[in-house]
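Participant: Protein chains in written order, with the working numbering: chain V, 1 to 324; chain L, 1 to 324; chain B, 1 to 324.
None of these hints come from the bench; they were simulated from the model.
Predicted model, so just to flag it, every value in this text is computed and none were measured.
Each hint should be verified, as a subset may be incorrect.
Note that identical chains are pooled: a pair holds if it fits in a single copy or bridges any two copies.
Below are the EDC-like pairs computed for lysine to aspartate or glutamate, each with C-alpha atoms no more than 20 Å apart in a straight line [said to hold, decoys possible]:
| hint | residue 1 | residue 2 |
| --- | --- | --- |
| 1 | K25 | E319 |
| 2 | K164 | D86 |
| 3 | K35 | D196 |
| 4 | K132 | E205 |
| 5 | K35 | D229 |
| 6 | K255 | E224 |
| 7 | K35 | D265 |
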Amino acid sequence: MQHFLSVKDAIDVQALVKEALLYKKTPYADKHIGKNRTMGLLFFNSSLRTRLSTQRAAQNLGLELIVMNVGQDGWGLEFEDGAIMDGNKAEHIREAAPVVGQYCDIVGIRSFPGLLDREEDYSENVLNQFVKHTGRPIVSLESATRHPLQSLTDLITIEELKTKPRPKVVLSWAPHVKALPQAVPNSFAEWMNAADVDFVITHPEGYELAPEFAGNAKVTHNQEEAFKDADFIYAKNWSSYNEYGKILSQDPSWKITTEKMALTDNAKFMHCLPVRRNVVVDDAVLDSPNSVVIQQAGNRVWAAQVVLKQILLKIIREESPYLF
Amino acid sequence: MQHFLSVKDAIDVQALVKEALLYKKTPYADKHIGKNRTMGLLFFNSSLRTRLSTQRAAQNLGLELIVMNVGQDGWGLEFEDGAIMDGNKAEHIREAAPVVGQYCDIVGIRSFPGLLDREEDYSENVLNQFVKHTGRPIVSLESATRHPLQSLTDLITIEELKTKPRPKVVLSWAPHVKALPQAVPNSFAEWMNAADVDFVITHPEGYELAPEFAGNAKVTHNQEEAFKDADFIYAKNWSSYNEYGKILSQDPSWKITTEKMALTDNAKFMHCLPVRRNVVVDDAVLDSPNSVVIQQAGNRVWAAQVVLKQILLKIIREESPYLF
Amino acid sequence: MQHFLSVKDAIDVQALVKEALLYKKTPYADKHIGKNRTMGLLFFNSSLRTRLSTQRAAQNLGLELIVMNVGQDGWGLEFEDGAIMDGNKAEHIREAAPVVGQYCDIVGIRSFPGLLDREEDYSENVLNQFVKHTGRPIVSLESATRHPLQSLTDLITIEELKTKPRPKVVLSWAPHVKALPQAVPNSFAEWMNAADVDFVITHPEGYELAPEFAGNAKVTHNQEEAFKDADFIYAKNWSSYNEYGKILSQDPSWKITTEKMALTDNAKFMHCLPVRRNVVVDDAVLDSPNSVVIQQAGNRVWAAQVVLKQILLKIIREESPYLF
């Protein structure tokens, strides 16, 4: 694996999932393969699960770590080519990225969208400039339009818990008080479309995901219809893609409730977290035995670990071809 | 040891102190026992000594570390059950705590009191919710009402320096410009009451500690009387418990001076630090040979190390009972 | 090596450079020498290269690390002797420094000048108080008047790339939008004056460096004259030393351009970074094959590593004299 930015970087999705579940049983089996290598984690935005789980995964592989909150610890970066840098940005990505690449063997980047300019956000300018200029494998820790470590985790969790060969998986929009990115639902849809599941998306009108992410998923505006016979309910709020970054609805009738969960085939409840209790989903659902959100969060370690392993193997293979 | 929240978690206080002093001589004797385990340090508040000494202690035991400033690196947490989370708190402790528990084998928490609502602070809601929901051993890095790693350190320092079998230890209130928590004096009192010392507390009227902490300590409002024949003077400011969180006095006559130290039996001067020079205590006292504040701060490593060792031993024992 | 604060701490500059270039070939040759020791990195100011490269260097030597943003993670420090600390500074350097020394075997400090009071800045009060009170080797991560890890890096890069026994090295002032410290040019001058190079400084009138740093360097106000036959152009902005901290000129005609580089003997372009593109230097220069700024930044690791090695060797020698 060269980089890990989207499902396209997973050569064999099913193999990744299987290996991740193996790591869950034997976390330290590959403790030696990160030896004498350092992973840098650069956060342009807040993070709890990604911050901690990626560190744990790296430690399990024997990697050293350097963690940096870019804005707090450093300064503003310029991403525009040809800029005359007489404003408040002190360094250009054309220097910052390759410099980080001098010190780190693998670089993880978290950078959220601005939600103001769709074209800008969907161009993935920040992530792509790191890919272009760092000279090292880049791991997305959530970019403007995708959160692939989360989505791989989600698939691992579904594989771990499914009771049918081809479960029905429902991504349901749910209300929220803030405008949120489309990264998690985009990415989830992308990975579900690549997996062997019956995938349904339900949301109010106007919340259609970008076509390249929704793909061939069944889409319905009837949430109750969608929930019928579902095996997994994946709840998430997102802001509008069409009226970009806008909150079109806070309709509380889209909240996930016990009554709605009763329509399913005893479905597991999933959410990437953090989740606003009693806004997105009722306490009763989150605290029920069918909620698997903590187990799901725990699987973030194995998703990150299997991705880092693939990247490390490629590095080692290129450095020491005679070993292979 | 299951958790480390107060003196009650120390099965044998004297044994802990002895082991800590052994670690001071051979810091790396147990470098293997933390192997393949990670300690998470979560700071809701600023920290210098606790931050650094706990990291060093963990490194001495071979633990990996993940450090997080919760507010800066992440987001606001909700601690109220049943809350409708439509405000500025993005995640509930019911998710945050068990998620951290998925990534870390031991979790340290620093969370100061608000000093506005005594019942709320003394309920130790934040710490207790981490204990309840994390599913991992919790180490207090100073909570609303206690600072047990500091108090264990203090006892280690007294044991190390005492010249009599049962020294006279005086906790003296001293003036300060800000309203400070009662955590350090509460905790110090709790540990001194459990140790074999002649323990005296002196403070202006209105600064009585909560009865469950003061215990059977002798209490006097006459500072000079208290200092007579003392072997250890432990200075600390705190705000009022009765008129909760209030500054009732900034009386400079309570400052620790060379003249007052002359009343003692050549007492050692102790303070948990940070200390406001020439407000709490005169330069002349802090810079005298009888000041042991730096040695005391250094002992924070051995206190943390012996606590982490006890917790690790319990984890290992439970995972591999056949070893024991 | 006791401390690393300036070129004076390098017993043999050429030997340091040679060893650093050896580390570049075999980074992990001394992985054992940092075992069971911890380096603390204290940042009073932002940092990217220094933050990351020093961590990587420490990891390459097997050191453990504790990183702290002093202002964010802790609180304000008082540096004045005899201060009555009733303001917003919570701890005095006389406690903070020796306490850090209790937890860390080597301490790195970054502390920029205020640029308001020349005498204060040039007294290096902050750095010197750490040296005085920490009781451990101190490594400057850039102080008020010097950046020795950068300057050693610069000399390593010149040694690595020079094509003549005694190359012509030109330090050129360049325009900028903010008032910047003199630390980098001061330090660069100090190291170039100690090396076997033909050293020229060029800047507008009023930008003279302090005499103790400029030393015997040739100084000219004619930038084009200076560039003639140069082998290395080292660009950097700084504020005035004479009219202390002032911006006397933002004259864009001092910007480094392709036309000016054409006057040189195919010179390499150097800069310590971060650099304001198209203000300090044109894109065309930075993106040309003659720009070595990334390679230069990469050499920060080897500079830090060789310095840490020298310091570790001294520590080990003092602890175990029978080994030597």
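Participant: Next step is simple, just say for each hint if it's right about the structure.
Facilitator: Each hint tested on the structure:
no., hint, result
1, K25 - E319, "between (29 Å within a copy, 14 Å between copies)"
2, K164 - D86, "neither (60 Å within a copy, 37 Å between copies)"
3, K35 - D196, "neither (36 Å within a copy, 39 Å between copies)"
4, K132 - E205, "neither (37 Å within a copy, 41 Å between copies)"
5, K35 - D229, "neither (48 Å within a copy, 46 Å between copies)"
6, K255 - E224, "within (11 Å within a copy, 65 Å between copies)"
7, K35 - D265, "neither (46 Å within a copy, 43 Å between copies)"
In this structure, the hints that do not hold are numbers 2, 3, 4, 5 and 7, in rising order.
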